[in-house]
Amino acid sequence: MRDLDDELMERYRAGDENAFTLLVRRHQQPLVNFIARFINDRDGAEDLAQETFIRIFKASRRYKPGRAQFKTWMYHIATNLCKNELRNRGRRDRYRVDNVVDGDGDGGDSEQIDLIESAPADVAFQPEVALERKELHDAIQTAIAELPEQYRVPLVLRDLQGLSYDEISEVLELRSGTTKSRINRARLMLKDKLQSFVSCS
Amino acid sequence: MKCLQAEEHFSAHFEDTLDYQTLQRFEEHLAACEACQQEYTRFQESVKAVRQLPQIEPSPDFMPTLLQRLAEEQREIGGVSEIIGTSWKRLQDVFRRPRWAFSGIVALLLIAVVGGYLYQDGFLSDRDAQPTVVITPASEESQVGPSPVELPVDVRRSVPDVNRFLPRGVTSTSQQPMQRHYILKQVSYTNASTRGGL
Chain E
1 MRDLDDELME RYRAGDENAF TLLVRRHQQP LVNFIARFIN DRDGAEDLAQ
51 ETFIRIFKAS RRYKPGRAQF KTWMYHIATN LCKNELRNRG RRDRYRVDNV
101 VDGDGDGGDS EQIDLIESAP ADVAFQPEVA LERKELHDAI QTAIAELPEQ
151 YRVPLVLRDL QGLSYDEISE VLELRSGTTK SRINRARLML KDKLQSFVSC
201 S
Chain P
1 MKCLQAEEHF SAHFEDTLDY QTLQRFEEHL AACEACQQEY TRFQESVKAV
51 RQLPQIEPSP DFMPTLLQRL AEEQREIGGV SEIIGTSWKR LQDVFRRPRW
101 AFSGIVALLL IAVVGGYLYQ DGFLSDRDAQ PTVVITPASE ESQVGPSPVE
151 LPVDVRRSVP DVNRFLPRGV TSTSQQPMQR HYILKQVSYT NASTRGGL
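Each protein sequence line maps, in turn, to chains E and P.
Start counting the first sequence at 1; every next residue gets the next number (this note's numbering).
Start counting the second sequence at 1; every next residue gets the next number (this note's numbering).
Same shape as in the complex, but just chain E (with noise of 0.2 Å):
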């Protein structure tokens, strides 16, 4: 079955422009999403978002359907240029919270809450477990932006974006067995970093 990206694609570079807008249209919530947990800033991702498909935009014509998958050449562009936006912020306000996490940080000793008890369907209407809840995306939020590069990137894409190891593979030119070895290793750190946020009774 014929991939809808590549159709789109095709279609965008036969003159049809309203193409590549339904292309947009699918992919910017993931893309902002990534973007905003990768370099824990939402205002940033959107700009890099847009700089991602301003680039696709650019390249259309030397896109290939079939060699790459476009959500993967996507997520390829947004990740180089991620790196590059990290570089030049330098290490000082590499890892910002203010935009993503805006809890209050003081990073006391925080309550741990059992994550399954504590995941009602009505949460909305139960401030306190709300807050609690906040809490705990702030740490995970957080402790992800701590995560090294090589170990963060990867995280994401598995466990926030979904994507199948052979995807992520593709996307960092990475070879499987060091994807799934840095995703293990990635959630492993992150266990440690979350320990007073999890319970293991």
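No wet-lab data here; the hints were simulated from the structure.
Every value quoted in this text rests on a predicted model; they were computed, and no experiment measured them.
Note that the Cβ used here is the ideal one computed from N, Cα and C, for glycine as well.
Everything hinted at is true.
With a straight-line Cα cutoff of 27 Å, these simulated BS3-like cross-link-like pairs (lysine-lysine) come out:
no., chain 1, residue 1, chain 2, residue 2
1, P, 2, P, 48
2, E, 193, P, 2
3, E, 58, P, 89
4, P, 89, E, 83
5, E, 58, E, 83
6, P, 48, E, 193
7, E, 71, P, 48
Listed next, the stretches of chain P that the computed footprint assigns to chain E, with coverage defined by at least 3 CB atoms under 8 Å from CB atoms of chain E:
no., region
8, 6 to 15
9, 30 to 43
10, 66 to 72
Given chain E, put chain P in place with the hints provided.
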């Protein structure tokens, strides 16, 4: 299986991709090791927690802003300003990195030094240019007299050896080594042709 080996299989077990033999050894170890049991439980909980993070949505301005930027790009494509702008930006990006800036400067210096050396050596001058022999009156030796007269090299073709048989008053300019070299080649060619019976 030891604890460190078991840890390496956490993800594969969590995603149910272990082969049968490894799965058996992993579960045997876990059943016997309480520390690994606890670590694996924490591992599973933290992976589930990460996967429950809410998706970040783009703002309502995302698409209009992107379409505006795309329209601007489209206008610029094909224009000279786009080409210059991108090249300049890339160059700036490259030279923003100290290592590349240093390499670039070293490369430019090398090009300048090698180019200057080759130019001085006459390597870069035009070999196909019509060579000339400068004929000067004898009075030139005393740096007094009329300006040198330039004649095409054909005039010298019948002279077998420039250095030995130049008539009085005819000199090749020492400041132009390429010209002198060319003349010698021409003369040599004439000699060979003569010997060949032409």
